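Protein chains in written order, with our numbering: chain E, 5 to 392; chain L, 5 to 392; chain W, 5 to 392; chain P, 5 to 392.
Be aware that one or more of the hints could be misleading.
When chains are identical, the list treats them as one kind, so a pair holds in a single copy or across two.
Unchecked claim - With a cut-off of at most 20 Å between alpha-carbon atoms, the simulated SDA-like pairs for lysine to any residue come out as follows:
hint	residue 1	residue 2
1	K326	H84
2	K106	T32
3	K326	T12
4	K35	T14
5	K106	H321
6	K35	Q101
7	K35	A392
8	K120	D130
It is worth saying that the hints were derived from the structure and are not from the lab. Computed from a predicted structure; not experimentally measured.
Number of protein chains: 4
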Amino acid sequence: MPRFADITDTLARQAIELPSWAFGNSGTRFKVFSTPGTPRTPEEKIADAAKVHELTGLAPTVALHIPWDTVDDYAALGRHARELGVELGTINSNTFQDEDYKFGSLTHSDARIRQKAIDAHFRCLDIMHATGSTDLKIWLADGTNYPGQDSLRARQDRLAESLATIYERLAPHQRLVLEYKFFEPAFYHTDVPDWGTSLAQVSALGDRALVCLDTGHHAPGTNVEFIVMQLLRLGRLGSFDFNSRFYADDDLIVGAADPFQLFRILHEVVAGGGLAEDSAVRFMLDQCHNIEDKIPGQIRSVLNVQEMTARALLVDHAALEKAQASHDVLAANEVLMDAFQTDVRGELAAWRESRGLPADPMRAYAESGHQRRLAEQRVGGTQAGWGA
Amino acid sequence: MPRFADITDTLARQAIELPSWAFGNSGTRFKVFSTPGTPRTPEEKIADAAKVHELTGLAPTVALHIPWDTVDDYAALGRHARELGVELGTINSNTFQDEDYKFGSLTHSDARIRQKAIDAHFRCLDIMHATGSTDLKIWLADGTNYPGQDSLRARQDRLAESLATIYERLAPHQRLVLEYKFFEPAFYHTDVPDWGTSLAQVSALGDRALVCLDTGHHAPGTNVEFIVMQLLRLGRLGSFDFNSRFYADDDLIVGAADPFQLFRILHEVVAGGGLAEDSAVRFMLDQCHNIEDKIPGQIRSVLNVQEMTARALLVDHAALEKAQASHDVLAANEVLMDAFQTDVRGELAAWRESRGLPADPMRAYAESGHQRRLAEQRVGGTQAGWGA
Amino acid sequence: MPRFADITDTLARQAIELPSWAFGNSGTRFKVFSTPGTPRTPEEKIADAAKVHELTGLAPTVALHIPWDTVDDYAALGRHARELGVELGTINSNTFQDEDYKFGSLTHSDARIRQKAIDAHFRCLDIMHATGSTDLKIWLADGTNYPGQDSLRARQDRLAESLATIYERLAPHQRLVLEYKFFEPAFYHTDVPDWGTSLAQVSALGDRALVCLDTGHHAPGTNVEFIVMQLLRLGRLGSFDFNSRFYADDDLIVGAADPFQLFRILHEVVAGGGLAEDSAVRFMLDQCHNIEDKIPGQIRSVLNVQEMTARALLVDHAALEKAQASHDVLAANEVLMDAFQTDVRGELAAWRESRGLPADPMRAYAESGHQRRLAEQRVGGTQAGWGA
Amino acid sequence: MPRFADITDTLARQAIELPSWAFGNSGTRFKVFSTPGTPRTPEEKIADAAKVHELTGLAPTVALHIPWDTVDDYAALGRHARELGVELGTINSNTFQDEDYKFGSLTHSDARIRQKAIDAHFRCLDIMHATGSTDLKIWLADGTNYPGQDSLRARQDRLAESLATIYERLAPHQRLVLEYKFFEPAFYHTDVPDWGTSLAQVSALGDRALVCLDTGHHAPGTNVEFIVMQLLRLGRLGSFDFNSRFYADDDLIVGAADPFQLFRILHEVVAGGGLAEDSAVRFMLDQCHNIEDKIPGQIRSVLNVQEMTARALLVDHAALEKAQASHDVLAANEVLMDAFQTDVRGELAAWRESRGLPADPMRAYAESGHQRRLAEQRVGGTQAGWGA
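Excised from the complex, chain E in its bound form (with noise of 0.2 Å):
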């Protein structure tokens, strides 16, 4: 098995975006709850992010979520996220939430609505322009809740155009990753409901069109780490949102749920070059925090990345692939199994210490009393939420 010094290299490299709508409320359709401190504005949620990476030194940059982060100057918005040690990210496209959605965005069969939809996206891209961004990444919630109410057919062959007329205004150095999802808002069919449509949809696009990978939007059963492998294979993994969940998307904190799925995921990822230097894959959250406190959630977020991350990093592969030349299958996953449970937490505490950061960044900022002073200071004004 490698030794913990061994990893460390790739350790340091290791870069988890967050999205700047973890910092805000959510909840369910029965209710979203509030909590003391919660930001009012994107400078808020900013600041929060920036503390996440104060304490981890593993979250250098945030994702903004259009138009929930609607500014009037976004290269301010960047000065302000510098100055407090993180950069802006993936800029996240919304056309979902104004009335005119209904029915459908970029499949929509009005090309009134297409259009302002594709306006929307490529307001993104100025947007991008302006923060130095380089991804764009689109999630629809266009889909349909009832057979028959449209052509599962003509939306696909709508969203292909709508796509092509986006992807025709990125620059060069710009990249356009499409996310799929089971289910949710709609419920009889999405129109991007798994990674065979999300890829064949990119692949019709260019090489700088790949596919985004939500750990949570998958059928019950699904071979999450199986899509890794074969979309590393194909070349067209652009992204992770990570999260975990034990039933739909429920977008509960990445690694709750089955932290043995996240270690067999990372294990894909290594294999598969995604944490190398030269890698195309980019890492972010995306996730709700609608009961605990949202910036150690963050914080307990990427430590659990990072943690199985570790693990990952320390699976034996001379040793596993003797095993499985040998066809041993119990030695092959008592290989596998070795690297899960072996306990990084107190190598890690040791490594973090030695970069300045704190050996336990929870405690930290738990006894650091900062949640206290945002709820002490941000009173009154509009908690952030998603507005549904």
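Add chains L, W and P to chain E, keeping to what the hints say.
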């Protein structure tokens, strides 16, 4: 196979309670779309429900959700309903939208909040006295999102105690029905996740505590009609919440996603005496109309139940038992399928007309111009919704 | 809505291939029950398939499974089939029952075993030349049971190489169809788990490599008709394996578990041109009759497909498009449901009679005494089965 | 957090019963692969089980499956076991492999076949008297494949009657445990599909009838530890059948697919008193080793249970309750995760050595040459299997 004339007595008895909240706006955590003509008040919701009954003869009662349907004078609300041709029915308690309930209601570890939730149910009982309602329906959003968050066992015990306190207050003619739900809004565990738990809880209370079966609240692949059979066999099936789903608790129009499942459920209801005159089983809808018009959505729903009930009543039980007894699998299945495949729409239309109802209630509603008038009249105010 | 007379040309063209193995005994890992009259030889299986075609006019070809249907003289077997009124169809390879394939076949890490599996496919191609079959269908049992057991990526690359070697040997008029399956008999991962993987593999081969969609090989909740639409759109839908399921790959009679899903699938087939005269899509059954009689089980199956095809052909596409264009969700759904609920059995019976077929093939078979005669004649020998 | 020394008393008491059938060949409906050295007789299976106990100290008893383990002299078989250091444990009835049981056993509509199945259980009780076993475990393969095939209700009533007849014959020190299973080998319905049905049936029998929970017998997404908690709370958890699964009833090595789930289950066992000295809960494995060697497969399994038990015992309950009481979701979850992430392997190894056991039983077995000797010795005869 029975003739249509043989089943009309039973069909004439059929009553499907409508949920007041189906007429308000609903949606997902991503967006609640609005519809012109949506009611602003409990009175307008009841008027819409009465319209459904007027056109179908199937929906003589309306269920209320407290506090969504809070009014000053429930007796007056009941008179309003009766003037429109319907009665007030089941009272549904809601202990999931107050900030105090963030970590539970009847299961909360804080006795003060448990009492608050119990008091909310006492208020429901008071309303039942004013409205003449007999059923108190309890669906709990209680649960946890993360392993370890709370003690599963302690919550179960607290639930038992809270329910017992509520049950004691029931008048002799009143019933408590406890709904179960697989997941959502809690994602790690819900405190009443399955029929076994609901049965265990209501059995501990007494004879007037029964189980409510919502057809969308099960794990993938669950044989729902088996549960219907079992609860009828055990004498504990209190009521149905009808809806349909493809994936999770989609709350789509009943019969829309899997009409054959609805048929099988109603076949078990018939076989188990659930449609008999002295049956204790009540039928109601619990649906969302996120994108379709609400009044015709409810008309479609009660018609779907009626059509499938008619088919279920057409099963040739003598032929079925004969084929079953001889283990002729294909013949037995064919007897069931013969009833399922019988197109009852023509005979139902004629029968409706014979009773002074429109032959095609969907068309009658569409041609009446009622929806347009509502959209014109109901301007201003705040459209009803879940207020999540 | 189209009249029945409008759709009979298409119905007359319908051909559903029968699997020879459906006539042998099958079961579960717990028990394979036998049935009197079960065939002992490939010739007897073909005779049973011919009986299904004789009574339904729907099943002009029979698929073989090699080595289950190994004979000395395939040309003679083909003549035997033609004498009985049917033709030999798809050749299915079987590389999962030799001890050598314990850890894989086309994906095995040992080149010798991969070559053995490739050779098995070469033999299938030889048989195709003798029988005149055009389709080689590959379903792989390959996969692993435990994380770490083998490299997912290396197996995928070996699969690509093996398939390429087989594909090179295809004659110009022959096709390779690659089936995918979610799980079973491998439990951790299967090497072709989803349509995306099958598509990626066949796309790398060439135009005559296509995807086979088995309706039971998906995760719970998967929208199968969406995949049908997508594969038709991408020009890569080669064939269907029809069956139905409640939970896993139950291999029940097609249309038995969810007739509405079968309707929706056939609606997408119609919409995507899959029933057009020049369609490249082939239709076959892949089922087990564990407890019911096999010949009537197959008759029931092809009738189910025919009945649902008729309903799908009755969809009023003009009305559907009109409702879709105006976003009238309920009206669009109703157009689809109108076709689904139309009882086509009477008109189909009359049309069958007009073509010299029994009006009710199930009854005709039951009354023919054929099953009893088979049970009397086929004594001794070893009943055909999977030999697991 | 408790120290390791605090938990060794409980660990020393841990006993996990091994299933004799785990040492025979098993597989899927597609293929049963063989392994050199597989036992040919019940005596050899017991010898293999004794080897597992010898190396781990965890498996003092062996469960038998009747008729798979039928012998002439059960008292002699018991002596054979004791000489090897183990005892005979639970007797598992098998009423699913006789042709008579094609349509059911204890639920069959034919009283003659029901009596045959009841008699089979009486024989199991006779064997229990000879072996000194206290538990009769009933898992039924009964169910139907097609809607309408039989009356769900009548089968349930017949099951109740059959079970009552068997229960009456129990000696005062004997127990009946009834296992439930979601699906397979029946696909439309199983007669004991869920814990609610099992509980309803055993509750009608008496105090010595309990529920058996097989960890693989649930729908996707089911919170199994909740059921553990509930059955413990209701005093009806009789025994566990441990295994793991990714999709269906995969019967993989316990802890292999979702180690965190196993931890959560054992946490509820600890919390509910299931490991207390007077606990009524018995623990056993029910697994298949389709492709891996069986003896080390069983060693790995009991070690997995031991390791997760140790982690569950290390949960700091005081800290957990404190965090729960203050609704600090992240802190409460962290207390649980701290125990889960603690690498107990080193301390367990040292503790094993202190008790005269090998530090690493897997390595000890591999290095012993035992497997090779078995392969050399056990030639000829028929390897044990399910005989499906």
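Here is how each hint holds up against the structure:
In this assembly of identical chains, the alpha carbons of K326 and H84 never lie at most 20 Å apart, being 52 Å within a copy and 39 Å across copies at closest. Taking the closest pair of Cα atoms, K106 and T32 come within 20 Å of each other both inside a single copy (19 Å) and across two copies (12 Å). Neither within a single protomer nor between protomers do K326 and T12 lie at most 20 Å apart by alpha-carbon distance, with minima of 25 Å and 36 Å respectively. When the C-alpha separation of K35 and T14 is checked against a cutoff of 20 Å, the pair qualifies neither within a copy, at 41 Å, nor between copies, at 40 Å.
In this homomeric assembly, K106 and H321 never come within 20 Å of each other (Cα to Cα): the closest approach is 50 Å inside a single copy and 23 Å across copies. Taking CA atoms no more than 20 Å apart as the test, K35 paired with Q101 passes in both settings, with 18 Å inside one copy and 6 Å between copies. Taking the shortest alpha-carbon separations for K35 and A392, both the intra-copy value of 11 Å and the inter-copy value of 4 Å come in at or below 20 Å. Proximity of K120 and D130 under a CA criterion of 20 Å is satisfied intra-copy only: 15 Å inside one chain copy versus 51 Å between copies.
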